[in-house]
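**Student:** As a plain string of letters, each chain reads:
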Amino acid sequence: MHEDLNWAIGGEAGDGIDSTGKIFARALSRAGRHVYTSKDFASRIRGGYTAYKIRTSVDRVESVVDRLDILIALTERTIDENLDELHEGSVIIYDGEQTTMQDVEIPEGMIGLPVPLKDLGEEAGGAIMRNVVALGAACEVSNFPIENLDEALEKRFGDKGQAIVDNNKEAARLGQEYVREEFDAETDYDLECTDEDYVLLNGDEAIGMGAIAAGCRFYAGYPITPATDVMEYLTGRIEEYGGAVVQAEDELSAINLALGGARAGARAMTATSGPGIDLMTETFGLIATTETPLVIANVMRSGPSTGMPTKQEQGDLEQMLYGGHGEIPRFVLAPTTVAECFHKTVEAFNLAEKYQIPVYLTADLAMAVTEQTYDPDEFDMDAVEVDRGKVVDEAEVDEWLDEKGRFRPHAATEDGISPRAFPGTIDGAHMTTGLEHDELGRRTEEEDVRVDQVDKRQRKVETAQEREEWDYREFGDPDADTLVISWGSNEGAMREAIEFLEADGPDVRFISVPYIFPRPDLTEEVAAAEEVIVVECNATGQFADLVEHDTLTRVRRVNKYTGVRYKADELAEEIRSAVADMEATA
Amino acid sequence: MSSDVRFTDFKSDKQPTWCPGCGDFGTMNGMMKALAETGNNPDETFIVAGIGCSGKIGTYMHSYALHGVHGRALPVGIGVKLANQDLEVMVAGGDGDGYSIGAGHFIHAVRRNVDMTYVVMDNRIYGLTKGQFSPTSREDFETSTSPEGTHQQPVNPKALALSAGATFIAQTFSSDSQRHTELVKQAIEHDGFGFVNVYSPCVTFNDVDTYDYFRDAIVDLDEEDHDPGNFDQAKDKILDSEKEYIGVLYQDDDSVPYGERMGLEGSMADIPDGAPEDATDLVREFY
Ligand SMILES: Cc1ncc(C[n+]2csc(CCOP(=O)(O)OP(=O)(O)O)c2C)c(N)n1
Ligand code: SF4
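Order-wise, the sequence lines are chains A and B. For the first sequence, my numbering assigns the number 3 to the initial residue and increments by one for each residue that follows. For the second sequence, my numbering assigns the number 48 to the initial residue and increments by one for each residue that follows.
To be clear, the hints were calculated from the coordinates, so they are not data collected in a lab. Just to be clear, a hint being listed does not mean it is correct.
To be verified - Cut-off 25 Å, straight-line C-alpha distance, at most; resulting in silico cross-link-like pairs (DSS-like, lysine-lysine):
#, chain 1, residue 1, chain 2, residue 2
1, B, 58, A, 406
2, A, 406, B, 61
3, A, 162, A, 120
Said to hold, decoys possible - With beta-carbon atoms standing in for the labels, derived distance ranges:
#, chain 1, residue 1, chain 2, residue 2, range
4, B, 328, A, 320, 32 to 42 Å
5, B, 187, A, 405, 46 to 56 Å
6, B, 313, A, 161, 23 to 33 Å
7, B, 317, A, 125, 51 to 61 Å
8, A, 162, B, 206, 41 to 51 Å
9, A, 400, B, 62, 19 to 29 Å
10, B, 271, A, 241, 40 to 50 Å
11, B, 224, A, 324, 46 to 56 Å
12, B, 269, A, 428, 34 to 44 Å
13, A, 401, B, 224, 32 to 42 Å
Unchecked claim - Here are some of the chain B residues that sit facing chain A, going by a computed Cβ distance under 10 Å:
#, residue
14, 94
15, 96
16, 106
17, 124
18, 314
19, 322
Since the model is a prediction, treat every value here as computed from it, not as a measurement. From the three backbone atoms N, C-alpha and C, an ideal C-beta is built for every residue, glycine too.
Chain A extracted, bound-state conformation (with noise of 0.2 Å):
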């Protein structure tokens, strides 16, 4: 009866409600079930509550929407926080033997289960197994075969010994049958499964594993929330392939680590987030006059200051642009999908060194830290392609020699990219500084050599455009009359938007944007369409501010930035009104 299901863990950080939502996550997409997850981290009332949620459908699912079905709900808040989503017939799992549960009223039409978790979890040889329990009963309700667990358990606690996986099952298995013999809950809730394999995995795990694939092998940065995954990801995994990540100890030193690393001839990154941002833009500014390859990930998170830490926002694509003193050649990539994460992530790697320029890639807290599952084709190795642009070795240096002998590693030439000879390659030795320099790499105020070396930077971008493919990705009715635009992890949402809409909204052409510079030029599609809607996670408009720019077309704004991602049915709504309310002052 239901096409998906909405579930969600919720309690105290601590609880290990993260954990345990990856279990139950693991195990749909084990089960052949698509997956797509969220996090609440933080209290709509007050600190510490936080919750792991799960969109689940045998087809694709790509947002989330404003539904809960089945609820496990560790703390009396947990219900409170999330009853605009609970609805007639929604599920509440608690622990009605806790002193704090036991007066939880369940809110009409709904059905609690009071399931006595930390017992359960007692007998099966701990209480800390009292979320696995609740799974267990999870599984029940919603008919889930227990046994897709079990994968998920090992995967979990594997290395934790044979005997702590055999309590975690037995655990879950007293969860069910409490539920299966203590009440005749009937649902409609039926998880069926699939032969699918699936992966599962966040965006900053693609950009690590993007990364590893490409060749990255220098990384270096400071922890940072929603940005840490990345390293983490690659602790541990990048050094199976000869290379090391390095913990900084401020993110000045990290982008200045991972400078040193990609003059030395590695493909190096870091990743941060906006206060991090903030702290490497002196540096990033000669990153792009020292013509250093390097990829710098933003994983926004909302601002300014420290602004939410755990919240989406993209409203760092100005700073991205424009951040830094003086006139900064960059690229600016915003890949659209968990997956799209690591394809962006191998292309920034080729930009960044075919052009030897800083690329910013950004991904958004929405798809950074959340997981989703793919198709592993979808991650195709055997497509990546490394080009490292024109690197010399020791044979070709000597094109690049001046009369004196002395290489050029700014060499003005036609395309503005110069020969790039890494450290070790005889007689290539140069110096660079981000003082204006001339094609030796030494200081300079000439002004002809300045005017020179400024227009052979600018040329390397236009080279970029004239050579590289700048498309963006594209859904809907491509003929429709209102067009909708966004950039980053709104496309899921708007995916799913659409569909809503078909029924009884506008038809919509929608174009998802993963360029922000260089980016598509989308005057003949703006044109062509009667209303435009730009969608994005900030309150200015700034992707707005850029297609107004670009095509000298008003735009119509659709802006959320309360700190949550858009929900398909939330931004289908967005969309419906937004069209009446052009259509009508039109």
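Start from chain A and add chain B with the ligands according to the hints.
**Tutor:** For chain B with the ligands alone, coordinates are given in the frame of chain A:
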């Protein structure tokens, strides 16, 4: 190849623009000699220079080099060395660059103990910005920004280094060419972070910490029966504010550099032209 390398091979054809008599001339000459005499060659050496008069060194020497932003030379040098263990890496900068704006990196570079050399040209003044006090300036030092003295203690970089777990601390004087060269050589040969603070007088803006002052105040540890392997002796010498010692103040012979602890070898520049052979395993991990 190394045997034919002369110290002039490390010299670029750019004429220094330092003031005549600046201590940085002697500091740089010693560094070039030390590099050549330890068997290095410019094509396998990477120099990172800070910002300041001292930082111009990257331009006057010949090697692979980067002249970066103020205070961040150490992280760049560490990045270079970790990404290619086969390179000789030397970082050089001023006392402002290293102990003020870059002080945070200094402590962490010391404790990380990467196998490289850090030469600080300590003139107890900001030279490039024309004579403001620096972190090593004396409390009563009068400058354009401290007309009545600095009202604060000078930093003791050698004490900072010792307390941060340094494995090699030396002090030299730029005009004692032979001794300076010898000590930089020892820093290069040290397995770990070789830290050398060089008294490198600014003849234009510092009329207190002059050549004459240093000549009078300096005591060579070679004449003091000092055991650099003895932490307590090192501590006493480093905290002695009456004298200016030159020589190796402290050296830990058991030092194991960071790269070795991390199991790093060779260069990270060599990568396949596609994903690594077994990269599909990375995807499988997500099942
Ligand atoms: C971020 C930043 N702030 C300030 C400066 C200006 N500045 C350049 S060099 C310098 C101090 C140099 O002193 P020191 O490191 O002791 O080197 P010296 O010139 O004495 O050799 C300052 C403040 C700068 N380049 N960058
Ligand atoms: S100002 Fe001082 S430090 Fe700078 S070059 Fe002149 S003497 Fe040397």
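**Student:** Is it true that the CA of residue 406/A sits at most 25 Å from the CA of residue 61/B?
**Tutor:** 13 Å, holds
**Student:** Is the hinted range of 51 to 61 Å satisfied by the C-beta distance from residue 317/B to residue 125/A?
**Tutor:** 56 Å, holds
**Student:** Are residue 401/A and residue 224/B spaced within 32 to 42 Å by their CB atoms?
**Tutor:** 40 Å, holds
**Student:** For the pair supplied as a hint, residue 162/A and residue 120/A, confirm whether the alpha-carbon distance does not exceed 25 Å.
**Tutor:** At roughly 21 Å apart (the allowed maximum being 25 Å), residue 120/A and residue 162/A satisfy the hint.
**Student:** Holds or violated: the 34 to 44 Å window for the beta-carbon distance between residue 269/B and residue 428/A?
**Tutor:** 39 Å, holds
**Student:** Holds or violated: residue 96/B as interface residue toward chain A, Cβ cutoff 10 Å?
**Tutor:** 8 Å, holds
**Student:** Could you check the hint for me, namely that residue 187/B and residue 405/A are 46 to 56 Å apart, CB to CB?
**Tutor:** 54 Å, holds
**Student:** Within 40 to 50 Å or not, the Cβ separation of residue 271/B and residue 241/A?
**Tutor:** At roughly 45 Å between Cβ atoms, residue 241/A and residue 271/B fall inside 40 to 50 Å, so the hint holds.
**Student:** Is the shortest C-beta separation between residue 106/B and chain A less than 10 Å?
**Tutor:** With Cβ-Cβ at 6 Å, under 10 Å, it holds.
**Student:** A range of 41 to 51 Å was offered for this pair. Does it hold for the Cβ distance of residue 162/A and residue 206/B?
**Tutor:** 46 Å, holds
**Student:** Quick check on a hinted range of 19 to 29 Å for residue 400/A and residue 62/B, using CB atoms only.
**Tutor:** The hint (19 to 29 Å, Cβ to Cβ) holds, given that residue 400/A and residue 62/B are roughly 27 Å apart.
**Student:** Do the numbers back the hint for residue 94/B, that is, is its least Cβ distance to chain A under 10 Å?
**Tutor:** 8 Å, holds
Of the numbered hints stated above, none is contradicted by the structure.
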